[in-house]
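**Student:** The lines below spell out each chain.
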Amino acid sequence: MKHLLSTRDLSTEDIVSLLAMADHMAEINSRAVPKVPALRGRTVASVFFEDSTRTRLSFETAATRLSAEVMTFIASSSSVNKGESLRDTIETLSAMGVDAFVVRHKSSGAPQQITQWTDAAVINAGDGWHQHPTQALLDAYTITRNFKELNSMQGRTVAIVGDIKHSRVARSDIDVFTRLGAHVVLVAPTAFLPSSLDGWGVTTADSLDDVIGAVDVVYMLRIQRERMDAAQMPSLREYSSLFALTPERAARMQGHALLLHPGPINRGVEMIVDPSLVPGSRILQQVTNGISIRMAVLFSLLGGDATTTLQNGVEA
Amino acid sequence: MKHLLSTRDLSTEDIVSLLAMADHMAEINSRAVPKVPALRGRTVASVFFEDSTRTRLSFETAATRLSAEVMTFIASSSSVNKGESLRDTIETLSAMGVDAFVVRHKSSGAPQQITQWTDAAVINAGDGWHQHPTQALLDAYTITRNFKELNSMQGRTVAIVGDIKHSRVARSDIDVFTRLGAHVVLVAPTAFLPSSLDGWGVTTADSLDDVIGAVDVVYMLRIQRERMDAAQMPSLREYSSLFALTPERAARMQGHALLLHPGPINRGVEMIVDPSLVPGSRILQQVTNGISIRMAVLFSLLGGDATTTLQNGVEA
Amino acid sequence: MKHLLSTRDLSTEDIVSLLAMADHMAEINSRAVPKVPALRGRTVASVFFEDSTRTRLSFETAATRLSAEVMTFIASSSSVNKGESLRDTIETLSAMGVDAFVVRHKSSGAPQQITQWTDAAVINAGDGWHQHPTQALLDAYTITRNFKELNSMQGRTVAIVGDIKHSRVARSDIDVFTRLGAHVVLVAPTAFLPSSLDGWGVTTADSLDDVIGAVDVVYMLRIQRERMDAAQMPSLREYSSLFALTPERAARMQGHALLLHPGPINRGVEMIVDPSLVPGSRILQQVTNGISIRMAVLFSLLGGDATTTLQNGVEA
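Chains as they are written, first to last, in my numbering: chain A, 792 to 1107; chain B, 792 to 1107; chain C, 792 to 1107.
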């Protein structure tokens, strides 16, 4: 594995192996000094053309805990203002000695393009509606570790609720969850579903009430208010009445069922319930797990030919 | 002490003890390599919802010198833009493994609120008109060290000049200075004084000329031009004529008297004199001392249950 | 050498010596762990009043590889918004313990001014139309190392193409290149040449076609669209037809000739050719060399009285 652009770059064995490595990273994170020399001398550049402080800090914290140097490039504060092209930006940073680029971009496929212009590893941290692979890995990690079936989601049903059509999180999650054996049901109004679901291996439901009492995981997507207008939805209120998680709906979740959300939460839109009052909520655990997953991904991509190995670099 | 939200969280003994620890930190800062492993493995997050690069860099430098990792979250470049709530921001960063939050916020009480949402220590780096406790500590440190009476300001008179009503610095300073035994005189037009001063233990003066020749410390507050309008002051010029520090007024200061200012200076408004020409100016010394005080505060809050101790973590 | 404000601060011997030290730094940069303790305990502050992420990251990477601490101050996100003066900013940061300021400013002479207000070393990272000395050093480094004549550019002809009049890069390059023995020919329309070139030791040409087949180095300057309007050039198209590097012109370069550009490239303006298709392009090598040159400059300014020496600090 040279890059992580899409969950489709990963075999199911790769996924299982990254989740296992994340267990190891979680152990490191529980130490008094959560830092190992595994990536000493390596440089990880965060290149964010779309604002996402939480995702950026998660990757940068992961890199720091492995002792990599971090270089931060945020488009708004950069020469992108001067009309510098994506290619020039990447080639320039690469010439400064970057070993991995963590890229967030509003255009689907930008991280793939970037691989043409650098020898460094490229990690997709979210590109348009396309993919957000580390989100799917941390979601699968959170679900499998909570259900204590480390290599499989066999027999589990996950409801993904919201604007599936425009969601990179949904695309990545569906691929990983189904390959780990889960049944995924998409809960959304028609306007928020892709025009065709052939080959996705999922079912759909047009009411959250129909499924909430029967699923193992309720995965709420963030609703973008601007999409709501663009999609010519009748109204935000009508959407919320059918698809938002309310205290009443949360109370109908099964005792063992989990509540996940990729953040940031849009309170009063898709989340009318306070998640801290939902016993099954693992939303903050997702954030914690995100660090471990991103450490595993960075180490997998950059640790291979390091002078340090997993043994003396991570364990020590 | 779990948090530092207000000077009122500190007993007078706590204050004296923090000032003594700052002496120790100042010695570290004088070394060729001003860095100790005291907080290795700890993460300090600067969370600034209001712009203040100098305060942020002071705290971050302090954290770095104690070998803590620093995480920077500036609201304007963050998902606050997406309507993410203060609570979600704090809970998310906390889930990434933050040990202390350094918080600047335009709303009084925000740091207090934040303590509900995290197990991390919370340090108030300025909240609305309420408090700025580390500023008061570094001011007290600067005054006591200059006067070489380390535990007391007994017998000293401090004039605080400017917009007392809207100043968190004034509120914090008054509390600390009076508890250390100083007499504080507030010098301001009526519109810039709180409606009641009952229980503050201070006196007031409506002319800087009346007091400047008699006090031990002249503490000039920054005047916010926008407040000047809101307060319907007759005019900035009228204010300056009565309350600004001019070369003539500075010349009337006693030979041993100190000039302090929390910065940034508003030249031509409250400071018409060039402070570098005032022999008693300790304004830049305040900045230097700010690093030592913030190291002392961070170590007090985070060093207690560290595997390292003051002895082997800070001394070594 | 206490500061680096202009190439004129450097004797020719200084220049040759810095290029030699950059060879040493390049060797460090080729290691598995490109980091040495040479500047441990020192603090380098980037103070950018004009946006240039690439230059800032180059200096900060150089500082980090020498183990200095980095403090970043970007004017737009700072109290400059509050009307804080340049002087107050520098004095304040200096009081926090800065050993070197790396300054980018839109006003010529700002770095020189700054030396009055601090004991720290000041490095000019570009001031108005005046100077950009580290750019000239990295350009000379790139040229001499490619031509394998390490201490001289004797017998080489360099064409500098573009808006010479408003270019700090051109001013710095001309001084360094001519002192190393090169012949410099300025290629520009009259409006883009200084009113007098007395004492510059250069020649001029008003057509790129006249010189491109005969020079050893083609140095393309970035064209600022806003300058184009201000200079009342007939049109961007007319400029490009005469002075832009096209594939046809690039094909006429001598086999051994080098193509340089300080970046960021303005594709379709001064660069109509894709530089990655020009065999002589060393534009990305300039970026790589920039790190080594800046390490050499930082070490020269800060390493002298360090407890560490070149021997045990950089070599080890």
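Don't take every hint at face value.
No distinction is drawn between identical chains; accordingly, a pair holds when it is met within one copy or between any pair of copies.
Claimed, not checked - Straight-line distance between alpha carbons at most 20 Å, and here's what the computed SDA-like set of lysine to any residue pairs gives:
# : residue 1 : residue 2
1 : Lys826    : Ser858
2 : Lys826    : Val861
3 : Lys826    : Arg878
4 : Lys793    : Gly900
Just so you know, these hints were derived from the structure itself, not from any lab.
**Student:** Does each hint fit the structure? Answer for all of them.
**Tutor:** Status of each hint after checking the structure:
no. : hint            : in the structure
1   : Lys826 / Ser858 : both (7 Å within a copy, 12 Å between copies)
2   : Lys826 / Val861 : both (14 Å within a copy, 14 Å between copies)
3   : Lys826 / Arg878 : neither (33 Å within a copy, 28 Å between copies)
4   : Lys793 / Gly900 : within (16 Å within a copy, 47 Å between copies)
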